[in-house]
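Numbering (this note's numbering), first residue to last: 1 to 549.
Source of the hints: derived by calculation from the structure; they are not laboratory data. Since this is a predicted model, take the numbers as computed values, not measurements. Careful: at least some of the hints might be erroneous.
What the hints assert, rightly or not - Computed cross-link-like contacts, DSS-like style, restricted to lysine-lysine with a CA-CA straight-line distance of at most 30 angstroms:
1) Lys546 - Lys530
2) Lys488 - Lys530
3) Lys432 - Lys530
4) Lys488 - Lys432
5) Lys488 - Lys546
Unchecked claim - Computed spacing ranges between beta-carbons, pair by pair:
6) Pro532 - Asp490: 18 to 28 angstroms
7) Arg53 - Pro532: 51 to 61 angstroms
8) Glu66 - Phe195: 48 to 58 angstroms
9) Ser449 - Asp490: 16 to 26 angstroms
10) Arg236 - Gly182: 47 to 57 angstroms
11) Asp218 - Leu529: 18 to 28 angstroms
12) Phe195 - Asp490: 45 to 55 angstroms
13) Asp109 - Ala535: 38 to 48 angstroms
14) Glu352 - Ala72: 22 to 32 angstroms
15) Ala72 - Ala52: 19 to 29 angstroms
16) Pro337 - Glu395: 33 to 43 angstroms
All C-beta atoms in this analysis are idealised placements derived from N, C-alpha and C, irrespective of residue type, glycine included.
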Amino acid sequence: MSESTRAPNFVRRPRRQAFVFPLLLLAICPSRAPAAQNAPGAPSSAPAAPSARPHVAIAGFTCPPETDPRDAWVAIGVEETLSWRLRRTPGVVTIPTARLNQARRELHDAGHPDPEWPAVAELLGGRLLITGQAVGTPDALTITLELREIGHGGAARRGALGPGRMFAVLDEATTWIIDSLGVAPPSGDPRRLVFSAPAATPTAIEYYAKALGAARADRMADAVYYADEAIRFDPRYRPALSMLAQVGQRLSGEALATALRRMRVLSELARQNGDWVDRAEAELMQGVAVMVLTAPQPAIQRFENGLRIYREHDEPYGRVSAMGYLADAHLSWRPPPDAALDDDGLRRFAEEKLALALDWQARVLEELTALGDVVAQMPAMNKLALICERLGQHERAFELHRRTIELAQRARSPRSEASAWMFLAQWHRTRKDWPHALSAARRCLELASPDSRPAVRVALAEILREMTPPQPAEALQQYQAAYAELEKGDDLHKQLLCLENISELQYDLGRRDAAVAALNEAIDLAHALKLPAEAELRARLARWRKPPD
Numbered sequence: 001m002s003e004s005t006r007a008p009n010f011v012r013r014p015r016r017q018a019f020v021f022p023l024l025l026l027a028i029c030p031s032r033a034p035a036a037q038n039a040p041g042a043p044s045s046a047p048a049a050p051s052a053r054p055h056v057a058i059a060g061f062t063c064p065p066e067t068d069p070r071d072a073w074v075a076i077g078v079e080e081t082l083s084w085r086l087r088r089t090p091g092v093v094t095i096p097t098a099r100l101n102q103a104r105r106e107l108h109d110a111g112h113p114d115p116e117w118p119a120v121a122e123l124l125g126g127r128l129l130i131t132g133q134a135v136g137t138p139d140a141l142t143i144t145l146e147l148r149e150i151g152h153g154g155a156a157r158r159g160a161l162g163p164g165r166m167f168a169v170l171d172e173a174t175t176w177i178i179d180s181l182g183v184a185p186p187s188g189d190p191r192r193l194v195f196s197a198p199a200a201t202p203t204a205i206e207y208y209a210k211a212l213g214a215a216r217a218d219r220m221a222d223a224v225y226y227a228d229e230a231i232r233f234d235p236r237y238r239p240a241l242s243m244l245a246q247v248g249q250r251l252s253g254e255a256l257a258t259a260l261r262r263m264r265v266l267s268e269l270a271r272q273n274g275d276w277v278d279r280a281e282a283e284l285m286q287g288v289a290v291m292v293l294t295a296p297q298p299a300i301q302r303f304e305n306g307l308r309i310y311r312e313h314d315e316p317y318g319r320v321s322a323m324g325y326l327a328d329a330h331l332s333w334r335p336p337p338d339a340a341l342d343d344d345g346l347r348r349f350a351e352e353k354l355a356l357a358l359d360w361q362a363r364v365l366e367e368l369t370a371l372g373d374v375v376a377q378m379p380a381m382n383k384l385a386l387i388c389e390r391l392g393q394h395e396r397a398f399e400l401h402r403r404t405i406e407l408a409q410r411a412r413s414p415r416s417e418a419s420a421w422m423f424l425a426q427w428h429r430t431r432k433d434w435p436h437a438l439s440a441a442r443r444c445l446e447l448a449s450p451d452s453r454p455a456v457r458v459a460l461a462e463i464l465r466e467m468t469p470p471q472p473a474e475a476l477q478q479y480q481a482a483y484a485e486l487e488k489g490d491d492l493h494k495q496l497l498c499l500e501n502i503s504e505l506q507y508d509l510g511r512r513d514a515a516v517a518a519l520n521e522a523i524d525l526a527h528a529l530k531l532p533a534e535a536e537l538r539a540r541l542a543r544w545r546k547p548p549d
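With the hints as extra help, turn the sequences into a complete structure.
Okay, structure coming up:
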């Protein structure tokens, strides 16, 4: 019987996997780096507890509207320098500015203004917000500061520092903040670190501030250019070195070699200046680079070095980063190529590494819960749930997915809630619980932002094709809607995927002309993209055009 005359079978043909849903991207997928034999032991430390120290966010610094655009960088430079200093001040928990800006983007709802900084800081667990305004130039700068308790209607404390030269006014502002927080002023080595000159010249800070602004606008080429300029004016300026090293740590070839050299320079400068934060971060960055180059075991040693430094200084955000990397390292672990392991041995090896990853990821979640960081808890819970699923702990995974939805609703983040519903849909899908899988996927579609809606429609269509009995007509509608939305953009690969599935479903539904039309469009796209799939698609078209036997 020819393909054109057999009875439709809506799940018969193996399809290329739908494009990976952006909502499901987590750093859980193992790499194929070879590994050494001996693994470090399981994590050992007391569970995290909420800190009684002031929990501070520094964000939202501005310049007056009439500021010359050439001097607009001053606000970012002041904000970043004060945050850098406060993070190194004993007795204070400071939310890194990178974390604040990342969270604000994650909480942004399409079609609405960015959330206000107090709301962002509160969802990160912050209890105090420092904001302000920078007026003037590096030669004549005035900084006004405002310290407010988040979530309370009490009066803010305000201060005005300057006018004066930039570094002197930054010292005044640092002293004002420490005094206003009611913590003991640092002395000895910590004081020398906190009050060290921010850079050799304000010009280095200027270019670094411009690099940060470019990075926050996703202009990474500009960010690299400005960071390079910052180092040109001050080769020992650690914030710019750190930025460039982070950009290059996951690359390859000469770019990775350059990043490694910068990491070593950063580590040595941090050692010379007693900067434990940069020393720990250099360890983590070198660990990531080692993972790319060699294997998890030497990377794990770097991550443990960084974690030890952060524990010594009771720095929770650093601990979260280090433990997250340790979880990833164990997820990426593979047996040595020469290991003579049978199937049972391979299974035990994988389960051992997954169990270690589970322990580390559970500690990440404990730390974030103690911090009150609702925003970071959501992806941490999702990642933990996926590890649980791989270990067969399905009910625990379900509970984590459910809790993620509750957190997203608490954060009033439709995008995060949509992601959580999709994870839950996938959980039900793997158990062939089709009614609940459909319900969760449809709820995800209701919440999805316009840019993620095509991916959600494809996920929903896949469920409709796999379920018992399959629903090909509704699946076709979802693929067609996804294609119509994708046509407004320039992602031709995703358009091709939709067209392939549309043509298959049209054919299975007995609509030969519509199937051939969609397949011809797919062939045109594959040809334009110079994909090997073009030959396969043309062969399929030839089969479909054959007259029935």
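How the hints compare with the structure:
1. Restraint check for Lys546 and Lys530: the C-alpha separation of about 26 angstroms stays at or below 30 angstroms, so the hint holds.
2. Restraint check for Lys488 and Lys530: the C-alpha separation of about 22 angstroms stays at or below 30 angstroms, so the hint holds.
3. Among the hinted pairs, Lys432 with Lys530 is inconsistent with the structure: their alpha-carbon atoms are about 37 angstroms apart, more than 30 angstroms.
4. Straight-line distance between C-alpha atoms of Lys488 and Lys432 comes to about 34 angstroms, which puts the hinted pair past the 30 angstroms bound.
5. For the proposed pair Lys488 and Lys546, the alpha carbon gap of about 34 angstroms is over 30 angstroms, so the pair is violated.
6. Range check, Pro532 to Asp490: about 22 angstroms between beta-carbon atoms, so the 18 to 28 angstroms window is met.
7. Range check, Arg53 to Pro532: about 58 angstroms between beta-carbon atoms, so the 51 to 61 angstroms window is met.
8. At roughly 32 angstroms, the beta carbons of Glu66 and Phe195 sit outside the given window of 48 to 58 angstroms.
9. Between Ser449 and Asp490, the C-beta spacing of about 18 angstroms keeps the proposed range 16 to 26 angstroms intact.
10. For the pair Arg236 and Gly182, the supplied restraint of 47 to 57 angstroms is violated, since their beta-carbon distance comes to about 33 angstroms.
11. Evaluation of the 18 to 28 angstroms hint for Asp218 and Leu529 yields a pass: the beta carbon distance comes to about 24 angstroms.
12. With their beta carbons about 51 angstroms apart, Phe195 and Asp490 fall inside the hinted range of 45 to 55 angstroms.
13. Against the hinted window of 38 to 48 angstroms, the Cβ-Cβ separation of Asp109 and Ala535 comes to about 44 angstroms, which satisfies the hint.
14. Between Glu352 and Ala72 the Cβ separation comes to about 53 angstroms, which falls outside the hinted range of 22 to 32 angstroms.
15. Range check, Ala72 to Ala52: Cβ separation about 38 angstroms, and the 19 to 29 angstroms hint is violated.
16. Range check, Pro337 to Glu395: Cβ separation about 36 angstroms, and the 33 to 43 angstroms hint holds.
Comparing the model with each numbered hint stated earlier shows that hints 3, 4, 5, 8, 10, 14, 15 do not hold.
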